[in-house]
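> Required output: the full structure, derived from the provided sequences and hints.
The first sequence begins at 10 in this note's numbering and counts up by one.
In case anyone wonders, no lab produced these hints; they're calculated from the structure.
Below, in silico cross-link-like pairs of lysine-lysine (DSS-like), each with a Cα-Cα straight-line distance of 30 Å or less:
#	residue 1	residue 2
1	LYS96	LYS115
2	LYS115	LYS28
3	LYS146	LYS28
4	LYS88	LYS146
5	LYS88	LYS115
6	LYS28	LYS134
7	LYS88	LYS28
8	LYS146	LYS115
9	LYS28	LYS96
10	LYS134	LYS146
Since this is a predicted model, take the numbers as computed values, not measurements.
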Amino acid sequence: MRQPPNVAEYYRMVWEIVKQIPRGIVATYGQIATMIPVPDGVEPSVYDQLSPQWVGSAMHATPENSGVPWQRVINSMGKISFPEGSKQALRQRELLELEGVIFDDKNRVDFDQFGWDGPDDDWLKTHGFYAPRPIRKKPKGGQLNLF
DNA sequence: CGTTTGACTACGC
DNA sequence: CGCGTAGCCAAAC
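In structure tokens, the structure reads:
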């Protein structure tokens with residue numbers, strides 16, 4: 010399945026979540042997927058496996074001028090998921106760099122520095138989404154929050 | 001109409 | 001976070 014059962018509904022949820030990603034921050038396809046409840050009729054194992062691609066499809070289908078910051082969603086390797094050097098990849102990178110996101114010499118973004126932690130619990134509760142799986146290994150800003 | 005191709009990720013080396 | 005591949009299937013060629 011390259012598309013979820015309820016495409017329109019699923020895409021709507023994806024876009025709603027992506028709109029919450031702050032400027033200068035990036036999230037992964039899989040991260041967005043884990044925030045959305047498994048659709049009825051879909052096996053959880055199947056969902057885990059295909060949902061990241063569904064999110065990718067949702068990004069592909071993002072309407073222009075919809076205000077959805079599609080450029081802030083990249084793959085789990087911290088890279089842009091368009092062929093390197095392609096017009097679309099350059100476009101996405103340009104948009105992110107304008108927001109202050111930095112790419113290393115291997116065209117990767119450091120999640121410890123720019124990774125998203127997800128919306129606040131209040132927003133998640135209100136909209137019925139789960140908190141995303143942690144993408145950063147180190148605390149934000151590398152600060153020490155040990156009391 | 002058969003083949004290729006995905007805005008992906010987890011997993012095994 | 002190196003590298004290759006399975007898993008999935010609608011849609012484009």
